[in-house]
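Asker: Chains A, B and C are the protein sequences, given in the same order. For the first sequence, the positions run 1 to 244 when this note's numbering is used. For the second sequence, the positions run 1 to 563 when this note's numbering is used. For the third sequence, the positions run 1 to 297 when this note's numbering is used.
Hints may be right or wrong, so weigh each one.
To be verified - Calculated pairs, EDC-like style, for lysine to aspartate or glutamate (alpha carbon to alpha carbon, straight line, at most 20 angstroms):
1) B:K467 with C:E198
2) B:K52 with C:E198
3) B:K99 with B:E141
4) B:K379 with B:E456
Said to hold, decoys possible - Ranges between beta-carbon positions, derived for each pair:
5) B:F64 with A:G157: 43 to 51 angstroms
6) C:S156 with B:F135: 26 to 34 angstroms
7) B:H136 with A:G157: 47 to 55 angstroms
Unchecked claim - Residues of chain C placed beyond 10 angstroms of chain B at every Cβ, according to the derived structure:
8) H30
9) P31
10) A35
11) R51
12) H77
13) P87
14) E194
15) I227
16) T233
17) A237
18) I256
19) L277
20) L282
The hints are simulated quantities; they were obtained by calculation from the structure and are not laboratory data. Glycine is no exception: its CB is placed at the ideal position from the N, C-alpha and C atoms.
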Amino acid sequence: MLKQPENVSRRRLGKRTLTAALLILIVIPATILMGVFFLDDRKYYFISLLLLLYTFIPFAIVFEGRKPQARELVVIAVLTAIAVAGRSAFFMLPQFKPVLAIVIVAGVSFGAEAGFLVGAATALVSNFFFGQGPWTPWQMFGFGIIGFLAGALFRKGWLKRSKWSLCLFGGAAAIVIYGSIMNVSSVLMVTPQLNLQALTAAFASGFWFDFVHAVATVFFLFILARPMLEKLDRIKEKYGLLEP
Amino acid sequence: MEIYRIQGLSFAFPGQEKKALSSINLTISSGEFVTVIGKSGSGKSTLLRQLKPVLAPHGTRSGFIEYNGKPLGEVGHRTQAAEIGFVLQHPDNSIVTDKVWHELAFGLESLGLNVGTIRLRVAEMASFFGIQTWFHRSVTELSGGQKQLLALASVMAMHPSVLILDEPTSQLDPIAAADFLATVGKINRELGTTVIMTEHRLEEVLPLSDRLVVMDDGCIIADDTPQISGRKLHELGHPMYASMPAPMRIYTSVETGAIFSQQLPLTVKEGRQWLLNHFSNGAVEPAMEIEEDLVAADRPIAIEFRDVWFKYEKTGPDIIKDLSIRVPKGEFHCIVGGNGTGKSTALSLLAGIVRPYRGKVLLEGRQPSSMKTSDLFRKFLGVLPQNPQALFVKKTVELDLYDILSDSGLSHEQQKLKVQDVTVFAELEPLLAKHPYDLSGGEQQRAALAKVLLLEPSILILDEPTKGLDGFFKEKLGLFLQKLNAQGVTILMVSHDVEFCAKYGEVCSMFFDGAVVSSGSAESFFSGNSFYTTSANRMARHLWRDAVTVEGVVQRCLNSRKM
Amino acid sequence: MRRDSFAGFHPFVNLAYFALVIGCSMAFMHPLSLAISLIGALSYSVVLNGRKAILFNLIYMLPLLLVLAAFNPLFNHAGATILFYLPNGNHVTKESIVYGVAAACMYVTVIIWFSCFNKVMTSDKLIYLFGKVMPALSLILSMTLRFVPRYRHQLSVISQAQRCIGRDVTQGNFIQKARGGLRMVSILTTWAFENAIETADSMKARGYGLPKRTSFSIYRFDRRDIIVLAILTALAAVVLAGAAWGSNSIRFFPSIAVKGYSPFGAAVYGAYFIVCLLPVMLQLMEEVKWRFIESKA
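All chains, please: the whole structure from these sequences, using the hints.
Answerer: Structure, rendered in structure tokens:
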């Protein structure tokens with residue numbers, strides 16, 4: 001492959017990261033202020049959507065700046081496509097899908113960045129098939145952040161490759177992170193502000209859905225985690241794909 | 001001018017003593033068409049990949065390769081990407097993007113060309129390859145042949161000066177393969193692009209080739225014009241000679257002695273002329289009538305289609321139209337025919353995956369679609385899918401074999417015995433500890449067959465089992481099937497591979513437009529066809545209509561000599 | 001699919017348009033704004049999808065609107081005008097009902113706009129636009145879109161092959177089905193990765209990774225794109241200026257308050273109306289032109 005001098009690429013990455021940081025430090029407060037003064041502080045949904053989109057920017061900038069190799073792109077595309085197509089492997093079991101489990105496994109195996117990208121891309125691409133909507137950014141963020149956390153916590157050593165550790169994380173992530181994000185988004189869409197009652201109602205009405213999601217994720221991780229991780233290890237070893 | 005000069009090239013994969021390539025010397029001139037053949041594992045793919053550094057596998061290398069007079073390592077990445085075009089074996093894997101137009105532009109985007117230039121080149125390539133009618137399509141909608149053509153076009157758009165192809169037609173049906181090879185020939189002829197390719201379909205490729213390089217065990221054992229290389233193989237008594245075109249093999253088996261110094265025939269046309277000149281006195285036997293019903297009444301019927309009609313959707317077209325076949329127990333039955341004639345659908349009907357809307361499908365008198373899965377596929381019906389990879393679950397071949405017995409209720413000892421038996425039968429001993437995906441195509445096929453055989457089928461159905469196999473593995477597979485057949489297993493095989501069916505099949509049927517149009521014993525079947533028959537038969541049918549295989553033609557030649 | 005005039009414009013124009021209308025639809029809660037946007041969305045969805053759109057809007061959107069409208073007053077008790085008390089002691093206010101209806105309208109409008117978006121912004125347009133800013137990520141999307149149908153096909157191949165060795169993954173109880181599905185995903189994973197390595201090779205062979213990669217597209221930004229984009233920008237400027245001056249804002253809590261009539265306000269609504277109906281107008285213009293051409297022929 002093309003070998004750029006190490007320090008050059010690192011310096012460039014540093015510059016890009018700096019721009020990203022600046023962008024976020026200036027743009028995020030600016031958006032919130034605009035919401036407060038310009039839109040009368042009533043458009044939580046609109047503002048939160050913008051903020052959500054900003055969170056994707058640093059990931060995009062870092063990834064693009066790194067000039068990823070062909071194999072990295074292929075790995076992320078394959079994992080994403082498996083997560084999306086995996087839904088059709090369970091056509092006989094509605095609502096019982098392995099998407100989140102695959103995203104978590106991706107994060108653990110290939111690192112936090114890959115986890116985020118696989119999660120976000122999975123949400124985006126499956127909506128190419130099922131229809132985009134205002135929910136798309138929320139889902140992208142939800143899946144993405146869980147993939148990111150799986151990778152980051154694994155790197156920190158807080159998340160283990162053991163079944164129980166992954167199942168615990170998966171179940172908690174499905175209810176606490178994904179469930180919360182989607183419930184908050186639906187409340188923001190219809191009420192002028194977040195209040196406790198509306199939130200409780202949303203969580204209560206969404207509970208059954210979140211519960212099934214969590215059970216599915218735990219179940220899939222319980223059975224899928226070990227063989228999948230083994231398979232991915234083999235791939236990494238066989239083709240010299242190390243953690244990006 | 002020389003485009004490649006390879007000297008003393010040796011290569012070994014990491015951690016392996018044995019060299020995959022040893023002291024290769026090869027010079028290729030600009031504009032040449034070079035075909036490289038060899039058994040799988042002979043190092044031909046490894047050699048091709050050494051010619052394109054970004055694709056060269058890791059390992060220890062010695063010797064040197066010069067490209068256009070410069071060491072290959074010193075040629076810039078951009079030049080390499082543009083000038084050395086490489087087409088891979090599986091079109092499905094080599095296509096990267098989801099739209100035809102985007103795929104065509106992919107390499108040009110990498111080269112950093114501006115939009116105007118890309119537009120022009122893409123337009124040129126689409127016109128040259130006749131792609132313009134499906135330019136806007138999704139890649140998913142294309143046929144296998146179209147996909148491989150697209151892969152070729154997207155490489156050609158970069159204007160390479162050398163085109164390297166690694167078994168490009170192994171996944172295609174004969175008609176698409178012939179089209180593809182003709183296009184490669186056209187590129188070589190009309191654009192002057194150097195072509196280096198590995199290929200199994202020698203009958204189509206050799207007439208196009210300037211040179212034939214034969215590899216064995218990492219060495220080049222012959223490197224000359226196809227005729228001379230062929231002769232050399234024959235003199236060496238090399239097993240690869242069995243994959244040479246039928247006319248050449250017939251010729252060398254018949255002509256021994258002085259005439260041998262002449263040019264060997266490569267094509268059916270040349271072979272036919274030679275036969276005409278030397279055996280025109282051989283009597284033409286009267287044309288046979290197509291036999292109607294071959295089935296002897298006393299043999300019990302294993303597979304029967306009785307006036308079967310099928311369509312996928314209520315308003316859709318009929319895929320199977322009034323199909324009737326009867327396969328007696330213990331027969332080796334081959335179904336040949338083009339793409340989209342409904343052959344695969346017929347197999348789905350047999351496996352009970354779909355049901356006919358009229359007529360009956362019967363397996364030993366029972367309807368497969370109403371049988372329980374466990375009853376149908378245990379000790380009764382075995383199906384070897386077209387892609388054996390769809391069967392593998394575990395990380396070694398051995399575990400995979402045990403996996404299929406996991407719910408059979410046998411004790412561990414019994415399982416072990418059965419796995420041992422099937423391992424010996426399918427010659428899998430050295431492969432047991434390997435990952436199924438690390439096997440070659442032919443080995444995967446055998447492992448999959450072993451898996452199916454563990455279910456002890458009495459009826460075996462195979463879908464295109466010779467796809468992607470080289471001559472050596474084909475022969476092996478053929479012998480396995482005959483061995484099974486001799487043990488009393490009824491075999492029904494669907495294939496494009498006319499030569500294979502003629503050699504190993506007992507009864508052959510021609511499928512067309514959803515039904516069987518003719519059927520007969522392999523010999524009478526192929527001698528009744530004029531085009532859809534083996535090349536040995538096409539070469540000799542004006543003299544001996546019933547000579548179907550190479551051996552058959554040779555026999556008749558020798559007999560007529562004696563007269 | 002029906003051919004739509006607006007969909008034939010450059011993807012950037014398409015995206016800019018949808019960003020503008022969907023953004024405005026979310027931000028402007030004045031009943032008149034809502035009505036304009038809803039009319040625009042409904043009529044465009046009918047232009048795009050014909051009878052199917054009408055059915056979709058009646059069967060899914062109308063009930064959704066009612067449910068959402070009821071949701072807010074049940075949980076939001078702000079507002080000055082108390083209408084009645086719920087059995088649990090909470091009160092229901094006029095303001096929260098009005099807000100609920102407005103928010104529900106907004107939500108439904110946004111969904112309908114998105115149904116148009118899904119029809120117009122095909123994946124290759126989005127990938128092209130992404131590719132301008134994020135080439136690697138957009139390539140991932142394109143590859144994923146190539147893989148997904150392929151993997152779905154392979155899943156059916158696997159399912160049939162497994163069935164033929166007596167492992168029917170679609171039968172049995174819940175756990176067996178789930179295990180069967182996992183078995184398929186597991187087989188698919190190995191298959192996908194082993195085959196994808198060749199895909200990476202194919203990318204490298206065609207020079208992926210060389211510096212200064214460009215991006216090609218079959219889209220051209222021509223004069224009519226410039227014209228429409230200019231019109232759109234001018235209208236957007238008027239609408240956004242109106243928003244900045246608060247001429248189309250509405251206050252729901254504690255009591256409802258809207259700005260009265262003003263010529264500038266009328267101009268803002270007029271501009272917004274043209275924006276929301278722009279694609280429909282373009283389509284009508286094209287149809288009139290065709291009638292004219294055909295009548296001459």
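Asker: Give a verdict on every hint.
Answerer: Results of checking the hints against the structure:
1. Between K467 (chain B) and E198 (chain C), the direct Cα distance comes to roughly 19 angstroms. Compliance with the 20 angstroms bound is thereby established for this hinted pair.
2. Of the pairs offered as hints, the one joining K52 (chain B) and E198 (chain C) holds, with about 14 angstroms between alpha carbons and a cut-off of 20 angstroms not exceeded.
3. Proximity of K99 (chain B) to E141 (chain B) is assessed by CA-CA distance (about 10 angstroms); at most 20 angstroms being required, the pair is judged to hold.
4. A threshold of 20 angstroms between alpha carbons decides the hint, and for K379 (chain B) with E456 (chain B) the separation of about 5 angstroms falls inside it, so the pair holds.
5. A beta carbon spacing of about 48 angstroms between F64 (chain B) and G157 (chain A) agrees with the range 43 to 51 angstroms that was offered as a hint.
6. A C-beta distance of roughly 28 angstroms is found between S156 (chain C) and F135 (chain B), which places it inside the suggested range of 26 to 34 angstroms.
7. Between H136 (chain B) and G157 (chain A) the C-beta distance comes to about 51 angstroms, which sits within the given range of 47 to 55 angstroms.
8. Non-interface status of H30 (chain C) relative to chain B is upheld: no Cβ of that chain comes within 10 angstroms, the nearest being about 42 angstroms off.
9. The Cβ of P31 (chain C) lies farther than 10 angstroms from every Cβ of chain B, with a closest approach of about 43 angstroms, so its non-interface assignment holds.
10. With a cut of 10 angstroms on Cβ distances, A35 (chain C) stays outside the contact zone with chain B, its closest approach being about 39 angstroms.
11. For R51 (chain C), the requirement that its beta carbon stay farther than 10 angstroms from each beta carbon of chain B is met, with the minimum near 20 angstroms.
12. The Cβ of H77 (chain C) lies farther than 10 angstroms from every Cβ of chain B, with a closest approach of about 51 angstroms, so its non-interface assignment holds.
13. Against the 10 angstroms criterion, P87 (chain C) stays outside the reach of chain B, whose nearest CB is about 53 angstroms from its own CB.
14. The claim that E194 (chain C) lies off the interface is violated: its Cβ sits roughly 5 angstroms from the closest Cβ of chain B, which falls inside the 10 angstroms cut-off.
15. Even its closest Cβ contact with chain B, about 22 angstroms, leaves I227 (chain C) beyond 10 angstroms, as expected for a residue assigned away from the interface.
16. Distance to chain B confirms T233 (chain C) as a non-interface residue, since its nearest Cβ pair spans about 25 angstroms, more than 10 angstroms.
17. Separation of A237 (chain C) from chain B is adequate, the least Cβ-Cβ distance of about 31 angstroms exceeding the 10 angstroms criterion.
18. No Cβ of chain B approaches the Cβ of I256 (chain C) within 10 angstroms, the least distance being about 50 angstroms, so the stated non-interface status holds.
19. Distance check for L277 (chain C) against chain B: the nearest CB is about 30 angstroms away, which clears 10 angstroms, and the non-interface claim stands.
20. Even its closest Cβ contact with chain B, about 22 angstroms, leaves L282 (chain C) beyond 10 angstroms, as expected for a residue assigned away from the interface.
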